[in-house]
Amino acid sequence: MFSNQPKKIIAAANTFTAAIPAEFPSLLDLLDLLCKWASTKMLEQVSVPAIKAVLEFLLAMFKAMEEAQYKLLDFEASFVVPMLCERLDTPNVSFRMLFKELLRITARLYNPAKVVNGLMGRLEATKSRKTKIECLGLMKDLIKAYDANKIFIPKDIKGLVKLLESSDSHLKAESLDILADIYNSRGDSIWTLTGKLTEKTTELLKKKFNVGDSGELRKSKRSDSFLGDFFSNSRIKPSQRQSMSRFNETFYEDSMSIATLSNKRRDSGNKEDLLTHSLDKDHLSPSESESLFNATEKLESDI
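Under numbering that gives the first Met the number 0, the first residue of the sequence shown is numbered 0, with each subsequent residue one higher.
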């Protein structure tokens with residue numbers, strides 16, 4: 000078991016794998032030792048067949064633990080998580096896929112926030128672009144399964160923000176996607192965790208978060224799209240569009256549309272009711288309301 004000879008490592012790993020169905024409780028009693036042994040062998044320059052055998056044992060053991068609803072303890076995970084993060088730079092594609100799968104399972108068996116923290120540590124330590132991308136990709140996978148607000152600590156957020164200064168557009172895009180997920184989960188409190196930002200980084204984040212200078216959400220794109228389609232298919236004069244835009248913005252926020260207002264006017268048959276409602280809701284001037292009413296009435300007659 001403790002030999003550095005590949006054949007003996009393979010024999011030990013195969014023995015442990017075969018023992019899982021019948022001796023699972025006994026293996027659990029030795030789990031800290033097994034995790035340390037497997038992690039050490041993964042980091043040593045052993046042969047490809049030996050790495051494969053140890054990986055297959057870890058994968059089989061962790062899947063059995065998941066089925067048994069067993070959770071990894073801190074001192075057990077303290078060997079596995081750093082090793083798996085370290086080996087994400089392996090050039091062997093099949094091995095890299097296994098390391099990534101083991102990290103996903105480890106997040107379920109242990110603590111996803113600590114797995115993310117391990118990935119952030121590896122991301123900051125490596126100079127390899129490929130390894131950084133692998134770390135960010137795994138973080139995005141974990142976000143799909145867990146609340147982003149709960150698995151990223153303030154230190155991780157600052158690390159992601161720092162990546163926005165990178166000249167690598169792909170790294171910046173991946174970091175922005177993750178920060179946007181954190182913002183969607185955490186809200187405006189994320190600004191207290193980003194650290195000091197440059198003006199360029201602030202604007203980049205605001206654009207990604209879809210917020211304006213005041214920090215408030217921008218107007219819905221759906222509202223803009225609605226107006227664009229409406230105007231392009233109508234004969235409303237340009238001079239009347241400003242009033243129409245103000246009208247739509249206010250009523251869209253209240254889950255109302257121009258069609259809803261038009262239906263209300265047809266139902267009531269009362270021009271004054273519409274004008275009063277517009278003044279109360281939209282704060283339009285009488286001349287603007289009159290212009291709006293005439294525009295919608297002209298549109299309906301044309302249709």
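It is worth saying that the hints were derived from the structure and are not from the lab.
Among the hints, erroneous ones may be present.
[As the list claims (entries may be wrong)] Across the chosen pairs, the derived CB separations fall in these ranges:
#, residue 1, residue 2, range
1, Pro90, Lys195, 34 to 40 Å
2, Val47, Asn209, 15 to 21 Å
3, Leu192, Glu65, 42 to 48 Å
4, Ser184, Ala10, 45 to 51 Å
5, Pro90, Ala10, 34 to 40 Å
6, Ala21, Lys206, 56 to 62 Å
7, Ala179, Ser2, 24 to 30 Å
8, Pro90, Asn148, 33 to 39 Å
Every residue, glycine too, gets a C-beta built ideally from N, C-alpha and C.
How the hints compare with the structure:
Distance hint check: the CB atoms of Pro90 and Lys195 are about 38 Å apart, consistent with the given range 34 to 40 Å. Taking 15 to 21 Å as the suggested C-beta distance range, the pair Val47 and Asn209 does not conform, at roughly 47 Å. The given range of 42 to 48 Å is broken by Leu192 and Glu65, whose C-beta atoms sit roughly 32 Å from each other. Checking the proposed 45 to 51 Å range against Ser184 and Ala10 shows it holds: the Cβ atoms sit about 47 Å from each other.
Between Pro90 and Ala10 the beta carbons are some 26 Å apart, a value that contradicts the proposed interval 34 to 40 Å. With their beta carbons about 58 Å apart, Ala21 and Lys206 fall inside the hinted range of 56 to 62 Å. For Ala179 and Ser2, the Cβ-Cβ distance of about 49 Å falls outside the hinted range of 24 to 30 Å, so the restraint is violated. Between Pro90 and Asn148 the beta carbon distance is about 35 Å. The supplied range of 33 to 39 Å therefore holds.
Violated hints, listed in ascending order, are 2, 3, 5 and 7; each of the other numbered hints is respected by the structure.
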